[in-house]
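Here is how the chains run, residue by residue.
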Amino acid sequence: MSDNGKPKFAMYWAASCGGCEIAVLNINEKILDVDANFEVVFWPVAMDAKYKDVEAMPDKSITLTLFNGGIRNEENEHLARLLRQKSQILVAFGSCATEGCIPGLANLSSTEQIFAAAYDSVSTVNPDGVRPEYAYDIPEGELYIPAFYPVLKTLDQVVDVDYYMPGCPPESHQIAAVVDLVIKALHGEAELPPKGATIGAGMSTVCDECGRKRHVKKVKKFVRIHEVEEIDPELCLLEQGILCNGPATREGCGALCPSAGAACIGCYGPAQGALDYGARLMTALASVIDSNDPEEIDSILDGIVDPVGSFYRFSLPHSLLRAAKPAWTNGSR
Amino acid sequence: MSEQFEPVIIGFTCNWCSYRAADMAGTARIKYPPNVRLIRLMCSGRLDPTFVLKALSGGADGVLITGCHPGECHYLEQNYKALRRYLLLRRTLAQMGIEPERVKLVWASAAEGVRLAREIGVFVDEVRDLGPLRWPTSLPAVHAEEAKMMEEVAA
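Just so you know, the protein sequences line up as chains D and W, in that order. Using the numbering used here, the first residue of the first sequence is number 1, and each one after it goes up by one. Using the numbering used here, the first residue of the second sequence is number 334, and each one after it goes up by one.
Hints may be right or wrong, so weigh each one.
[Claimed, not checked] Below 20 Å or equal to it, Euclidean Cα-Cα: the simulated EDC-like pairs (lysine to aspartate or glutamate) are: (1) K8(D) / D208(D); (2) K220(D) / E410(W); (3) K325(D) / D462(W); (4) K325(D) / E432(W).
Simulated from the structure, these hints should not be mistaken for laboratory data. Note that the structure is a prediction, hence the values are computed from the model and not measured.
Take the sequences, apply the hints, and build the full model.
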């Protein structure tokens with residue numbers, strides 16, 4: 001408890017885009033409840049604070065920390081460990097912290113390939129081919145920037161995590177519900193879910209939330225959404241041959257994308273009980289392909305142009321293999 | 334090290350055909366290499382790609398999937414599902430930098446003990462030629478190694 005008696009709240013971004021913070025602000029007037037019930041002690045995107053302020057706090061003095069972003073570099077890991085030490089409840093908030101998300105797709109490439117894209121590609125003006133060095137001597141002393149990790153890790157691959165909140169970003173109504181629950185729990189009016197639980201989402205799949213009409217699926221050809229002349233507004237997208245990740249993805253978003261005519265891309269992560277998101281999706285997709293002939297099956301599969309990008313768009317670092325060979329090879333050089 | 338590399342192979346067998354074929358190979362005293370560890374499923378259609386990924390990420394060098402011949406599935410057509418999953422999984426593995434040849438699908442009926450034993454021998458040789466996979470998630474040292482590298486970078 002702080003001087004004013006309120007429990008403390010922190011939010012941090014590691015390797016992420018900032019969308020999670022926007023989603024928190026999108027809870028509208030509920031943000032006033034956050035302010036009424038918590039003292040915000042650390043939230044770099046919203047208020048000024050220094051890492052040394054956090055380091056000076058007593059252990060376990062922050063009641064609730066929402067941590068978004070993956071662990072891309074040394075600084076991310078330092079803050080993950082620091083906030084774990086200082087927090088009672090640490091929530092892996094959003095897809096990046098729980099599963100690695102889009103930044104995690106870098107686990108398909110070696111560090112050199114990533115740096116080449118960042119420093120040598122056509123969109124970059126870098127005539128001297130300068131690359132940052134981790135340590136650099138200047139007259140005033142040594143400058144040091146955090147080291148880049150060869151493989152991006154999820155928060156729970158670095159520290160112990162109490163709860164997982166999926167979504168890219170988590171839907172605001174789900175955040176509001178979780179905030180409500182924590183406030184109630186603080187007042188002794190509700191109980192928190194068991195440690196390790198996924199909060200702010202359902203147990204089933206996006207298909208269960210989706211209003212589109214479903215029949216027995218038989219797919220003869222996979223098409224990308226821009227290749228479809230006219231999308232049937234009522235029929236299941238997968239039945240129309242559009243690769244939709246609904247069958248493997250956890251419910252919680254209200255099937256926003258399929259309702260808008262876009263395929264689910266899986267940002268809410270694996271449904272309850274699925275160990276490897278991509279494997280679950282491969283199982284589902286292989287079941288609906290309408291052919292028993294190996295050659296025909298192969299030509300149908302040609303319609304899935306980027307298997308890893310489609311099956312692990314949000315979950316590569318949290319999959320069983322975690323990273324492709326180039327990233328690993330680089331890591332154990 | 335002059336010793337020959339002995340791959341670790343996980344073999345998934347179907348209760349109604351290949352598991353019995355392996356059984357038959359045993360009772361008929363047909364030899365096959367001990368590299369393969371057989372796991373019985375009720376059907377090749379039970380094979381979730383998760384099993385294969387778990388095996389490879391946990392230290393296996395290859396995975397053999399076996400099931401009833403096309404048209405002979407005990408559950409009508411689940412072996413076709415296995416076939417489709419296998420073809421899809423191979424594409425995913427290739428993109429992850431794992432040789433798709435490390436995973437193989439073989440049909441073997443309950444009467445084909447000889448054939449199964451031969452196929453196991455062929456696959457063991459194929460994986461031996463590919464060399465060890467040693468997927469980093471299976472190595473206890475991976476985290477320590479990574480930490481060491483970070484220290485070197487920082488130093």
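Tested hints:
Annotation: proposed proximity of K8(D) to D208(D) is violated, straight-line Cα distance about 37 Å (limit 20 Å). At roughly 17 Å between alpha-carbon atoms, K220(D) and E410(W) fall within 20 Å of each other, so this suggested pair holds. Taking the CA atoms of K325(D) and D462(W), the gap is about 19 Å. The hint holds against a cut of 20 Å. Of the pairs offered as hints, the one joining K325(D) and E432(W) holds, with about 10 Å between alpha carbons and a cut-off of 20 Å not exceeded.
Checked against the numbered hints above, the structure breaks only hint 1 and satisfies the rest.
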